[in-house]
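**Student:** Note that the protein sequences, when read in sequence, are chains A and B.
So for the first sequence, this note's numbering puts the first residue at 1; every next one is plus one.
So for the second sequence, this note's numbering puts the first residue at 1; every next one is plus one.
Read the hints as simulated data drawn from the structure, not as lab findings.
Be careful, since some hints might not be right.
Claimed, not checked - Straight-line distance between alpha carbons at most 30 Å, and here's what the computed BS3-like set of lysine-lysine pairs gives: (1) B/Lys499 / B/Lys632; (2) A/Lys159 / B/Lys70; (3) B/Lys499 / B/Lys70; (4) B/Lys620 / B/Lys171; (5) A/Lys159 / B/Lys482; (6) B/Lys569 / B/Lys499.
As the list claims (entries may be wrong) - Chain B residues, not near chain A, derived (Cβ > 12 Å throughout): (7) Asp292; (8) Pro332; (9) Tyr411; (10) Glu415; (11) Tyr446; (12) Glu537; (13) Gly640; (14) Ala658; (15) Gln665.
As the structure is a prediction and not an experimental result, all values here were calculated from the model.
Note that beta-carbon positions come from the ideal geometry of N, C-alpha and C, so glycine has one too.
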Amino acid sequence: MKTIKTLRTLLLLAFFIGFTSCSSDDDGNAPRLDIETVTVSNLFAPQTGGQGQPVGGEFTRFNFSTGMQTTSTTDWDIAFRGTTIAVNGGTATGSVDEPERNGNAAAVIVDGTLAGVNSVDGLTFLQDGTEGFAIPSGSDNGWFNYNFMTNVVSKIPGKVLVFRTRDGRFAKVEIISYYQGAPANPDGFNDTPRYYTFDYVYNPNEGETTFE
Amino acid sequence: MANLSRMSLNKNNFYIYFLLFFMSYSHAQEVKSEKKDSIKVEALDPVILSATRTPRQLSSLPLPVTLISKRQIKQTGTVRLNEILSEQTGLIMVPDESGFSGIQIQGIAADYVMVMIDGVPLVGRSAGNFDLSRLAVGNIKQIEVVKGPSSALYGSEALGGVINIITQAPKTEDPTGNASFRVGSFSQLDANFNIDQKFEKLGYGLFINRFSSEGYDLTPETVGQTVSPFENYTVNGRLYYNFNDNLKLFSSTRYYFQTQENGFESQDDFFEGDSEETEWNTHLRLNHNWTDNLRFEYEFYFTNYRATESSESPVTNNVLFNSDFNQYLIRPEVRSIYRFDDSGTLTGGFGYQYNELDRTFFDSRVNFNSQYVYAQWDVNLIDDLNMIVGARFDNHSEYSNQLSPKLALRYDISENFALKGSVGYGFKAPDFRQLYFDFTNSAVGYTVLGYNVAIDKLTELQDAGQIIDVVVPLAQFDDPLKAESSVGINIGAAFKNEKLTTEINLFRNDFKNLIDTQIIARKTNGQNVFSYRNFDEVYFTGIELDATYMWNDNLRISGGYQLLYAYDKTQLDRIDNNEIFTIDDSGRTVLVERSDYFGLVNRSRHTANLKVFYNLPKIKTDFNLRLIYRSKYGLFDTNGNIILDTFDNSFVDGFVTANLAATKQFGKHFDLQFGANNLLDYTDTNIPNINGIQLFTRLDYNF
Numbered sequence: 001m002k003t004i005k006t007l008r009t010l011l012l013l014a015f016f017i018g019f020t021s022c023s024s025d026d027d028g029n030a031p032r033l034d035i036e037t038v039t040v041s042n043l044f045a046p047q048t049g050g051q052g053q054p055v056g057g058e059f060t061r062f063n064f065s066t067g068m069q070t071t072s073t074t075d076w077d078i079a080f081r082g083t084t085i086a087v088n089g090g091t092a093t094g095s096v097d098e099p100e101r102n103g104n105a106a107a108v109i110v111d112g113t114l115a116g117v118n119s120v121d122g123l124t125f126l127q128d129g130t131e132g133f134a135i136p137s138g139s140d141n142g143w144f145n146y147n148f149m150t151n152v153v154s155k156i157p158g159k160v161l162v163f164r165t166r167d168g169r170f171a172k173v174e175i176i177s178y179y180q181g182a183p184a185n186p187d188g189f190n191d192t193p194r195y196y197t198f199d200y201v202y203n204p205n206e207g208e209t210t211f212e
Numbered sequence: 001m002a003n004l005s006r007m008s009l010n011k012n013n014f015y016i017y018f019l020l021f022f023m024s025y026s027h028a029q030e031v032k033s034e035k036k037d038s039i040k041v042e043a044l045d046p047v048i049l050s051a052t053r054t055p056r057q058l059s060s061l062p063l064p065v066t067l068i069s070k071r072q073i074k075q076t077g078t079v080r081l082n083e084i085l086s087e088q089t090g091l092i093m094v095p096d097e098s099g100f101s102g103i104q105i106q107g108i109a110a111d112y113v114m115v116m117i118d119g120v121p122l123v124g125r126s127a128g129n130f131d132l133s134r135l136a137v138g139n140i141k142q143i144e145v146v147k148g149p150s151s152a153l154y155g156s157e158a159l160g161g162v163i164n165i166i167t168q169a170p171k172t173e174d175p176t177g178n179a180s181f182r183v184g185s186f187s188q189l190d191a192n193f194n195i196d197q198k199f200e201k202l203g204y205g206l207f208i209n210r211f212s213s214e215g216y217d218l219t220p221e222t223v224g225q226t227v228s229p230f231e232n233y234t235v236n237g238r239l240y241y242n243f244n245d246n247l248k249l250f251s252s253t254r255y256y257f258q259t260q261e262n263g264f265e266s267q268d269d270f271f272e273g274d275s276e277e278t279e280w281n282t283h284l285r286l287n288h289n290w291t292d293n294l295r296f297e298y299e300f301y302f303t304n305y306r307a308t309e310s311s312e313s314p315v316t317n318n319v320l321f322n323s324d325f326n327q328y329l330i331r332p333e334v335r336s337i338y339r340f341d342d343s344g345t346l347t348g349g350f351g352y353q354y355n356e357l358d359r360t361f362f363d364s365r366v367n368f369n370s371q372y373v374y375a376q377w378d379v380n381l382i383d384d385l386n387m388i389v390g391a392r393f394d395n396h397s398e399y400s401n402q403l404s405p406k407l408a409l410r411y412d413i414s415e416n417f418a419l420k421g422s423v424g425y426g427f428k429a430p431d432f433r434q435l436y437f438d439f440t441n442s443a444v445g446y447t448v449l450g451y452n453v454a455i456d457k458l459t460e461l462q463d464a465g466q467i468i469d470v471v472v473p474l475a476q477f478d479d480p481l482k483a484e485s486s487v488g489i490n491i492g493a494a495f496k497n498e499k500l501t502t503e504i505n506l507f508r509n510d511f512k513n514l515i516d517t518q519i520i521a522r523k524t525n526g527q528n529v530f531s532y533r534n535f536d537e538v539y540f541t542g543i544e545l546d547a548t549y550m551w552n553d554n555l556r557i558s559g560g561y562q563l564l565y566a567y568d569k570t571q572l573d574r575i576d577n578n579e580i581f582t583i584d585d586s587g588r589t590v591l592v593e594r595s596d597y598f599g600l601v602n603r604s605r606h607t608a609n610l611k612v613f614y615n616l617p618k619i620k621t622d623f624n625l626r627l628i629y630r631s632k633y634g635l636f637d638t639n640g641n642i643i644l645d646t647f648d649n650s651f652v653d654g655f656v657t658a659n660l661a662a663t664k665q666f667g668k669h670f671d672l673q674f675g676a677n678n679l680l681d682y683t684d685t686n687i688p689n690i691n692g693i694q695l696f697t698r699l700d701y702n703f
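Construct all of the structure, not just a fragment, from the sequences and the given hints.
**Tutor:** What follows is the structure, given as structure tokens:
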């Protein structure tokens, strides 16, 4: 089972939230929901094939609003299979065993640190489609590099994956590791791949385009 | 295993020999040595040829020059050029990411250092590196290293400096020379024969060397050796003929052949094959004195370097590699040297160079040619102020013309103290590989295309349906690839008295248009197509310090130090713009600050050496100990941001190697030498060119 825990709550956030709720939310609506930084550890994303064979297998789906892996075929935002990340928006790209897209999710990669991406304003979101995944697959193309000498998949630093969820809210993600237990220097021949550890920040408030 | 036991055996023998050696000294009460005091001889002002292309006193030169004498080579017991060079300040032998080793001068990589014998260039590089171990040092009079751009005299490649090997010319009617035999760890065998003789008009020199080793393995857990067994042969014949006082002929032919085994067993297969290298150099020069003040030199030079490599399995017919590399260079040149009565020396020259390469991964044989002209004026403007000013113009078939100026000044403040400064331009033409390569890695599937063939080859790949998309505008290939170039500045001071010689030099080299690979297209197999492009701008700056102290006639201590900063300017700008990120110890992205940027790979901030040469004339013995230090450096980026930063994990810690040698003279003709290289037995799997402790003994017969 996946252990989902809160690693660090940005104390400053609380201050900012308090500040913004005082200044803008003065029309008596429901109280604003908290924005937290959450770490997901060891989310298993198996695949079949690869190494020249056609890639297949069911995607591991993830729901930002619960912060949990899900088997629901509708209530999911993003999904993982090997190094590939799909969004619940657009259409299938054409590979086998892809989940049906029934939401309006989309994605874009932004250069920066996770804390440095504060708003989605001005970003151009893409959805999955026959042209490919919204998060481009392949080495040195999206979020990772693959070194054939060491057989290691390593993340490219400074790539923040920004998602629109299936229902129009926003989340930002930084992948930390692709290996079980998130070793600092993975061994491509001994460590177990396809275990995602990532940080995410999800803004549950509908209509908000910031992460503050 | 076999190597290990042999080594320890050698070690034991070594200590016993050493003990015997010392005991025999303490008992020997010999007559005072009649040996000429060669330290004094050395102190007489040596002459340098490479700095100006004319004989020139070392002590009066405005340029930073390192001189290595025959005596130093003999005393240290080194047999190949790489060994002796790596003991000099600011010169290090560096294995790069290609696995080949080359020399770094002032931080500048081997690609930008010209290697010459008697003033003519050698060809045949592996991934830009010139293998200096190809050169035996048994018939060398001296090695000259001129630091800083020297393209004003030598053209392409001489950005970082030039290394010029000056061979011994015959002097006496009695034949002189030596025969030596050296045995060392790792089954190293080195045999030398060298003879020179000069009659009234005719002189000759002959040098023969055979060198072999069983190689060594720093990673026994992997298949194959770090260095496989090899043997090589060098033959150099030289002929000198004086038609009269005004017309003198010099001709030299050198032949080198090496064969190295490539066979090894892997878990499920075994491979056979070998690597062969063959090199020919033929150098003809006619010196012609027209008048007392004017002389001409007519020179013709031809060289051919060929390397073939194969490794395949006789069982499964798997081919690991099979390649051929065949390069020719032909260069006629005419020089004139005019000595004014009171206003210096004017040197001028022009020449033509033809360069041809045929190799695996090229569509066809390709060739370059160039014409060049140069001039240099070496003059004392006033008594204590020397100036060298010069320029060279190269017209090349494949890239834009190059004008390479140079200016150097030296001011003697007093008899002991001088200031020097020089500034020069250097360039390196794009090499054949960067223009004509067509290589697809069969195991992984990526493709590398030379600049001049990129569009054609890409079209072929597109037609074959192997390309998803082209990621750069192809219009960038319209203009020819530019030559890489640099501007180098050296400013220094020299102090010299009876006992102490010191020199300080501040250097800065700014490189631009460096050629590097870029992705130009994506392939359907998920791999990329690479080609070349001018884009990097880097700089190398630092300080060199050298000091030699003669304690007395018999004890000489010298030390050297180099401080180096080597950075990519483009990356510094990107850091300033907050565009570069790294991964901290928790796996999270953080912004790279300038203080996190370690600089270029393979560069050590500090390098240093300390050498003690001690002579005991009573027992006709000399000792020397040389310590060489290199501080921490990084091998490559490990966290995906292209640059080497403090969070990368490819750093090699600083280390010291110690080399020791002792030579005792027996009678008039024999020298017996013992030595140990890498006495501290330092090894690191990241440094393939340094093996464990190597003990050796050499017997030398001099006549």
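**Student:** None of the hints should be skipped; say for each whether it holds.
**Tutor:** Against the structure, the hints come out as follows:
Only pairs whose Cα atoms come within 30 Å are accepted, and B/Lys499 paired with B/Lys632 is rejected, the gap being roughly 34 Å. With a C-alpha separation of about 58 Å, the suggested pairing of A/Lys159 with B/Lys70 is violated against the 30 Å cut-off. Distance check on the hinted pair: B/Lys499 and B/Lys70 sit about 21 Å apart at the alpha-carbon level, within 30 Å; holds. Among the hinted pairs, B/Lys620 with B/Lys171 is consistent with the structure: their alpha-carbon atoms are about 25 Å apart, no more than 30 Å.
Restraint check for A/Lys159 and B/Lys482: not satisfied, since their Cα atoms lie roughly 34 Å apart, outside the 30 Å limit. A hinted pair counts as satisfied when its Cα atoms are at most 30 Å apart, and B/Lys569 with B/Lys499 does not qualify at roughly 43 Å. No beta-carbon of chain A comes within 12 Å of the beta-carbon of B/Asp292; the shortest separation is about 65 Å. Remark: the non-interface label on B/Pro332 is consistent with the geometry, its nearest Cβ contact in chain A lying 46 Å away (cut-off 12 Å).
At the 12 Å boundary, the C-beta of B/Tyr411 stays outside the reach of chain A, the nearest C-beta of that chain being 51 Å off. Interface exclusion of B/Glu415 from chain A stands, the closest Cβ pair being 59 Å apart, more than 12 Å. Not every CB of chain A is more than 12 Å from the CB of B/Tyr446 (nearest about 9 Å), against its label as outside the interface. Once the 12 Å rule is applied to beta carbons, B/Glu537 is consistent with being away from chain A; the minimum gap is 22 Å.
For B/Gly640, the non-interface assignment is contradicted: its Cβ lies about 5 Å from the closest Cβ of chain A, within the 12 Å cut-off. For B/Ala658, the non-interface assignment is confirmed: its Cβ lies about 32 Å from the closest Cβ of chain A, beyond the 12 Å cut-off. Interface exclusion of B/Gln665 from chain A stands, the closest Cβ pair being 52 Å apart, more than 12 Å.
Checked against the numbered hints above, the structure violates hints 1, 2, 5, 6, 11 and 13; every other hint is satisfied.
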